[in-house]
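Trainee: Residues per chain, in single letters:
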Amino acid sequence: MVEALLSAEDVSKDFAFPRSVVDLLRRRHVTAVHALNGVSLDVRRGETLGIVGESGCGKSTLARCLVRLHDCDRGRVVFDGTDIATLRGAARRRFNARVQMIFQDPYSSLNPRMSVRQILSEALRVHRMRPAGEIDGRIAELLEMVRLPADAADRHPHAFSGGQRQRIGIARALAVEPEVLVADELVSALDVSVQAQVVNLLLELQDRLDLTIVFVAHDLRLVRHISHRVAVMYLGKVVEVAPTEALFTDPRHPYTQALLAAAPEIDPGRRSRRAGARGELPSPIDLPPGCLFHTRCPHAFDRCPRDVPELGPRGPGHAAACHLDAPAPRP
Amino acid sequence: MSHIPRRALSLPRPLLLGGAILLASTLVAAFPGAVAPYDPLAMDYVNLLAPPSAAHPFGTDNFGRDVLSRVLHAYTIDMQIALFATLFPFVFGTLVGAVVGYVGGTPEAVFGRVVDAVITFPFLVLVIAIVSVLGPGLGNMYIAIGVVGWVFYARIVAAEVKVQTRLDYADAGRAMGYTHARIVFRHLLPNAITPAVVYWMTDMALAILLGSSLGYLGLGAQPPAAEWGVQIADGKNFMATAWWISVFPGIAIVITGLGFSLLGDGLAEVLRGRR
Numbered sequence: 001m002v003e004a005l006l007s008a009e010d011v012s013k014d015f016a017f018p019r020s021v022v023d024l025l026r027r028r029h030v031t032a033v034h035a036l037n038g039v040s041l042d043v044r045r046g047e048t049l050g051i052v053g054e055s056g057c058g059k060s061t062l063a064r065c066l067v068r069l070h071d072c073d074r075g076r077v078v079f080d081g082t083d084i085a086t087l088r089g090a091a092r093r094r095f096n097a098r099v100q101m102i103f104q105d106p107y108s109s110l111n112p113r114m115s116v117r118q119i120l121s122e123a124l125r126v127h128r129m130r131p132a133g134e135i136d137g138r139i140a141e142l143l144e145m146v147r148l149p150a151d152a153a154d155r156h157p158h159a160f161s162g163g164q165r166q167r168i169g170i171a172r173a174l175a176v177e178p179e180v181l182v183a184d185e186l187v188s189a190l191d192v193s194v195q196a197q198v199v200n201l202l203l204e205l206q207d208r209l210d211l212t213i214v215f216v217a218h219d220l221r222l223v224r225h226i227s228h229r230v231a232v233m234y235l236g237k238v239v240e241v242a243p244t245e246a247l248f249t250d251p252r253h254p255y256t257q258a259l260l261a262a263a264p265e266i267d268p269g270r271r272s273r274r275a276g277a278r279g280e281l282p283s284p285i286d287l288p289p290g291c292l293f294h295t296r297c298p299h300a301f302d303r304c305p306r307d308v309p310e311l312g313p314r315g316p317g318h319a320a321a322c323h324l325d326a327p328a329p330r331p
Numbered sequence: 332m333s334h335i336p337r338r339a340l341s342l343p344r345p346l347l348l349g350g351a352i353l354l355a356s357t358l359v360a361a362f363p364g365a366v367a368p369y370d371p372l373a374m375d376y377v378n379l380l381a382p383p384s385a386a387h388p389f390g391t392d393n394f395g396r397d398v399l400s401r402v403l404h405a406y407t408i409d410m411q412i413a414l415f416a417t418l419f420p421f422v423f424g425t426l427v428g429a430v431v432g433y434v435g436g437t438p439e440a441v442f443g444r445v446v447d448a449v450i451t452f453p454f455l456v457l458v459i460a461i462v463s464v465l466g467p468g469l470g471n472m473y474i475a476i477g478v479v480g481w482v483f484y485a486r487i488v489a490a491e492v493k494v495q496t497r498l499d500y501a502d503a504g505r506a507m508g509y510t511h512a513r514i515v516f517r518h519l520l521p522n523a524i525t526p527a528v529v530y531w532m533t534d535m536a537l538a539i540l541l542g543s544s545l546g547y548l549g550l551g552a553q554p555p556a557a558e559w560g561v562q563i564a565d566g567k568n569f570m571a572t573a574w575w576i577s578v579f580p581g582i583a584i585v586i587t588g589l590g591f592s593l594l595g596d597g598l599a600e601v602l603r604g605r606r
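Which chain is which? The protein sequence lines are A and B, in order.
No gaps in the numbering here: position 258 of the first sequence is 258 in the numbering used here, and each next residue is one more.
Position in the second sequence (from 1) plus 331 gives the number in the numbering used here.
Bound-form chain A, shown alone (with noise of 0.2 angstroms):
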C-alpha cells in the first residue's frame, strides 16, 4: 500500500459564535458550529482524491484545514510525516509552498490592483523560487502551462473571464512549485462548458509534473471524471471512502446510495422519484448523538442514535462507517 504523504486524523473544528456579556453572566455554554467532527483520511502521492457531500457538510473547511488556513480544534494533519501545526517560520513556508490551494471564486481570489505578472512575480520572490533575472522568464513559462496568452502578464484581473481567471489560480499555485493541490471547488462557479477545459487542464498538469490533487467539489459526475479515490463526507464526518468505480458501482454507506440516488440522471429510464434519504440536514450546531445521519436513514435501527459508527473494511480500499455491514439499497 501507497503511504499517505498527507493526512488528516481525527480533526475537528467549531466555530464559536461570540458570547455576549449577557451569556457569561448566565453561564451560557459557548455555542458553536460543528464544522469538522473527526474526520480521518489519507491522500496518497500522486492520485487524486475527490472529497463529496452536500452543502455544509465541511468539505470546504476539511480543505482549509489541510493547507492549515484553519487550525484544527482536535485532532491533527499531517504532511510527509510531520504536524503542521508545530510548524513554524521558515519550515511553515516550505509547508506552504509544498501544499498549495486553489480557491472557489475566481471574482475574489484574485487582489484586483495587481498585474498577473505582479501577482505571479510575488509568490516567486517571496519563496525565492528564481533569481531575479529569471522571474520573466518563469512567468511567461506558467502562463504557457495555464494556456494564457504571453500577453496576460500585464493585465489585471478585471481583464479576465471566470475560467482564465481560475486558470491563474493555478498560475500562482503553481509558481512556487508544490506536490500537493488542494481544489476547493475549483469549477463550480463557473460555466459547463469552461469547467471541462479547466478540469482537464489540471489533470493534464497533474501528469507533467506529479502533482498530488484533492479535489473538492459537490458535482458527482466531476468528481467520478477525475477522482482515483472518493471520500464522502457528512456533517463534518467522512462516511465512506473507495476508488472511485466501487464508490460509484457498490456504494456501501446509506448515505452515500441516497447523494447517487439524488444526482440527475441524463437517462429518462433510470430516472427515479424515490427519496434516498428523508428530512432536511440536522443543524451543525446541535448534532445528532450516535451516527449522525440516523435522523435521516432508512435504515436506522436502535443502535443507530446511540453508538458512533467507526469506519469499517467494506472491500479491497473500501471503508464504510455504518452499523449495518451491508445496507442493501431499499427496494
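Keep in mind that the hints were calculated from the coordinates and are not lab data.
Here the structure is a predicted model, which is why all the values come from computation and not from measurement.
Among the hints, erroneous ones may be present.
A few chain B positions that, by computed beta-carbon distances, are all more than 10 angstroms from chain A [unchecked claim]:
1. N393
2. R444
3. V479
4. Y500
5. D502
6. A503
7. G508
8. V578
In silico contact screen, one side only, chain A against chain B (beta carbon under 7 angstroms); selected entries [as the list claims (entries may be wrong)]:
9. V67
10. D71
11. M101
12. S108
13. L110
14. R113
15. S115
Yeah, the Cβ is synthetic: ideal placement off N, Cα and C, and Gly gets one too.
The hints should help you fit chain B onto chain A, whose structure is shown.
Mentor: Chain B alone, transformed into the frame defined by chain A:
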C-alpha cells in the same frame, strides 16, 4: 496633434476642476506676495472701511488693511490648516484601522468602544475643549484635531479591511505563506483605502471650516494674522456698513472647500473605476 495626453482627457471633470482650483490655491499659498497688491498687515488710516474700488478691489477693513491682500495671504495659513490638521489623522487612522480590521477580536472590540466614546461628543465641542486646555494657537489646534480626527479614518479603514479580509485573495496570501504585514499593507490596504482617501479630501475642506471657526472664536490663528476665520470675525461688527470685510474671506472658504470636494468626488470615480 493634440498636446494634451489622452489619459488626461478621460479623467473625470470634477477631478480636473478641483485639481485646478487647488493647484491655483497652493500657488497663492506658496507665493502670496507675488499676487497680493499690498502688505496684509500695513494699515492705511486715510482709507478706513473703504468700499471696493480700483485701488482696493475688495475694499479695506477697520484698520485700513487691504482685504484682497489679506484674503490672498490667508491662503498660506488656511492651506496649511487643510494639510496639517488632516495628515496625521489620515496616516495614523489608516494604520490603526488596517491593523484593527485585520486582527479583529479584542483589539477590534476595544477600538469600537473608543469610537463610541469619541462619536458621542460633538466634534467641534471636543476640539474646542482640548484647545482651551492646551491654550489657543495653530499648533495646539493641530494637536486637538489630531487627537480626535484619526478615529474617523480608522473606523472607515477598519470596516473596509474587514470586508477585504474575508475575500479569498486574502486567504490565498495566507496559503502562500506571506507575512501578515505583507497581506495587510500590500494586498488588503490598497483595496480598502479608497473611501479613506475620499473622506480625506472632504475632511480638508472641513478642516478649513473648522480652522476658520476656531479662528473666529479666537482659539486658532491669532490676530493680526491674515486667516479667513479671523477676518470674518474682524468684520462681524461692520456687517451692515462694510460687508466686504467678511464676505470676501467667506467666498475664499467656499471656493477652496469646493475644490477639495470636487477633487474628492473625482478621485472616488477614478479609484473605483480601477477595480
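Trainee: Next step is simple, just say for each hint if it's right about the structure.
Mentor: Against the structure, the hints come out as follows:
no. : hint : verdict
1   : N393 : holds, 55 angstroms
2   : R444 : holds, 13 angstroms
3   : V479 : holds, 28 angstroms
4   : Y500 : violated, 5 angstroms
5   : D502 : violated, 5 angstroms
6   : A503 : violated, 6 angstroms
7   : G508 : violated, 3 angstroms
8   : V578 : holds, 46 angstroms
9   : V67  : holds, 5 angstroms
10  : D71  : violated, 12 angstroms
11  : M101 : holds, 5 angstroms
12  : S108 : holds, 4 angstroms
13  : L110 : holds, 6 angstroms
14  : R113 : holds, 5 angstroms
15  : S115 : violated, 12 angstroms
Hint compliance for this structure: hints 4, 5, 6, 7, 10, 15 are broken, all remaining hints hold.
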